[in-house]
Amino acid sequence: MNCPSLEDLVALFDPAGGAGLDPVEGSASGAAAAASARRQHVDGGCPRCDQRLAFLSTLVGDLRSLPLEPASAATVGAARALGAPVPLGQGATSGEGSIKSGWRDLIAVLMPRSEAVPAVRSSAASNPPQLYRTAGYEIDLTLLESGALLGQVLPEDPDAPGLGDGDVYLYGPDCAQATDLLVTGEFRFASVAPDRFSLVIAANATRIVVQDVDLQPR
Amino acid sequence: MSQTVEELFERARSGDGRAWSALVDRCADGVHFAVLSAGISGDEADDAEQAAWMILHRHMDGVRSPGAIVGWVATTAIREGRRARRRARSRRDVEELASEDRSEIEPEQPQDLAIRAERVLGVRAGLDRLGSPCRELLLALFGSGEEASYASVGEQLGMAVGSIGPTRARCLAKLARVLDPDL
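Protein sequence lines correspond, in order, to chains A and B. Residue 1 is where the first sequence starts when you use my numbering, and the numbers rise one by one after that. Residue 1001 is where the second sequence starts when you use my numbering, and the numbers rise one by one after that.
Among these hints, one or two may not hold up.
Beyond 10 Å from chain B on every Cβ pair, some chain A residues (computed) [what the hints assert, rightly or not]:
no.	residue
1	A32
2	A34
3	D43
4	G44
5	C46
6	R52
7	S65
8	G136
9	E156
10	L163
11	G164
12	Q177
13	D195
Far from chain B, by Cβ distances over 12 Å, these chain A residues were calculated [stated by the list, open to error]:
no.	residue
14	N2
15	L6
16	P129
17	E145
Okay, the calculated beta carbon distance ranges per label pair [what the hints assert, rightly or not]:
no.	chain 1	residue 1	chain 2	residue 2	range
18	A	D50	B	S1002	49 to 59 Å
19	A	C3	B	G1042	22 to 32 Å
20	A	A73	B	D1112	52 to 62 Å
21	A	R196	B	D1112	27 to 37 Å
22	B	S1014	A	E156	29 to 39 Å
23	B	G1162	A	D165	36 to 46 Å
24	A	G30	B	G1042	50 to 60 Å
25	A	L182	B	L1183	49 to 59 Å
26	B	L1157	A	V183	45 to 55 Å
27	A	P70	B	E1146	14 to 24 Å
28	B	L1157	A	A160	52 to 62 Å
29	A	G61	B	L1157	15 to 25 Å
30	B	G1158	A	D43	37 to 47 Å
31	B	G1042	A	P161	20 to 30 Å
Bear in mind the hints are in silico, worked out from the structure with no lab data behind them. Just so it is clear, CB atoms sit at the ideal spot from N, CA and C, and this is done for glycine as well.
Looking at chain A on its own, in the form it has when it is part of the complex:
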């Protein structure tokens, strides 16, 4: 016997479709005999029918997973913003349509320690705070003895509004971590091994990128 059609395999595999209807039996002796022959063919171990049945079974299972909850608008927006072009003149090397830098990327530069720039916070730290400054923002980082990394990003102008809440990402040679940016501008990574990192602060349409953050013990 030739392999049954896909439609007949669906009927054999899932005749009622899970909807509580019983398959019509004996409505026509010819139809019932044909169905029986198809069943015997499939039960006889036809490899092609086995493969098709497995595909149909997976397909029905996937259909039941169909109501895909969409990714959140915040996630999609943040991800898309990674590829937005950078206006020229902000220190980026790429032009329109480039994804090497994002919209309003602000590249921070490590201030020389000889400058009298006060730390934003002080705490029981094994390492002195590091202060970065870029285009109107100051980023203060402190690595604690416990391995926690405390940070705060504030506008240089005390009367200017802060970034608001968002996310902070820390990229090392072999790891990446993410944490919340609070409306106070504070953020905390619970456990950071001493190394060199890139830090990205993302809030609304603004991203601040701090390259070569050196958290080695001093």
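Following the hints, position chain B against chain A.
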């Protein structure tokens, strides 16, 4: 004809911001599905997915299989989510940890979840290509997660209940052929 994920990724990798956005739009729901399937939801899922997209953006040049990018991002997001959960867990009481259901420690592999996410995305794309009336029938039957009764589907689509079963079989077969023409 819409571009494949692979084509979008290659264009994004060479600097096309619009291709990157299209890639995110195409893949974000599949990534989210895999993350939800891994038991990570809400803010944890958002954080994990956003971190994963950032990591992909940073490491695009190192991606060797652009066609499997949903799996790449989903696997990364699941790992980020589980890592965050372990960090949070490490701060809890030892007793609380000891009483925890150990089966949570051996979750489904991220790669398997990502493969399932890719497959479900493929089914959704296949439905879009099916056209009427099969698309409407299959969505009415399966769109709510559990298969709907023929009575409710018949009422919704104005179909005779007795015709739904055979039409369902034809539409499933048609969808199967759209997804795999060699079946």
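Note to self: Please check whether the beta-carbon of A/A32 is more than 10 Å away from every beta-carbon in chain B.
What the structure shows: Nearest chain B Cβ is 16 Å from A/A32, so the label holds.
Checklist line | 37 to 47 Å as the expected CB spacing between A/D43 and B/G1158, which holds or is violated | finding: holds, 38 Å
Check: Since A/S65 was said not to touch the interface, does its Cβ keep a gap of more than 10 Å from each Cβ of chain B?
Finding: violated, 5 Å
Margin query: Tell me if the beta carbons of A/D50 and B/S1002 are separated by a distance inside 49 to 59 Å.
Written below: violated, 34 Å
Item checked: Distal placement of A/D195 relative to chain B, Cβ over 10 Å -> Given a closest Cβ separation of 16 Å, the condition holds.
Notebook entry, point to check: Against chain B, does A/G136 keep a CB gap of more than 10 Å to every residue?
Noted result: holds, 23 Å
Next item on the list: Decide, holds or violated, for the assertion that all CB atoms of chain B are farther than 10 Å from the CB of A/D43.
Entry: holds, 19 Å
Item checked: Status of the stated non-contact between A/G44 and chain B (beta carbon gap over 10 Å) -> Non-interface label on A/G44 holds, nearest chain B Cβ at 19 Å vs cutoff 10 Å.
Check: Going by Cβ atoms, does A/Q177 stay more than 10 Å from chain B at every point?
Finding: The assertion about A/Q177 is violated, with a minimum of 8 Å to chain B.
Notebook entry, point to check: Do the beta carbons of A/C3 and B/G1042 sit within 22 to 32 Å of each other?
Noted result: violated, 47 Å
Item checked: Range hint 50 to 60 Å (beta carbons of A/G30 and B/G1042) holds or violated -> Hint holds: Cβ distance 57 Å, inside 50 to 60 Å.
Check: Since A/G164 was said not to touch the interface, does its Cβ keep a gap of more than 10 Å from each Cβ of chain B?
Finding: holds, 16 Å
Comparing the model with each numbered hint stated earlier shows that hints 6, 7, 12, 15, 18, 19, 20 and 23 do not hold.
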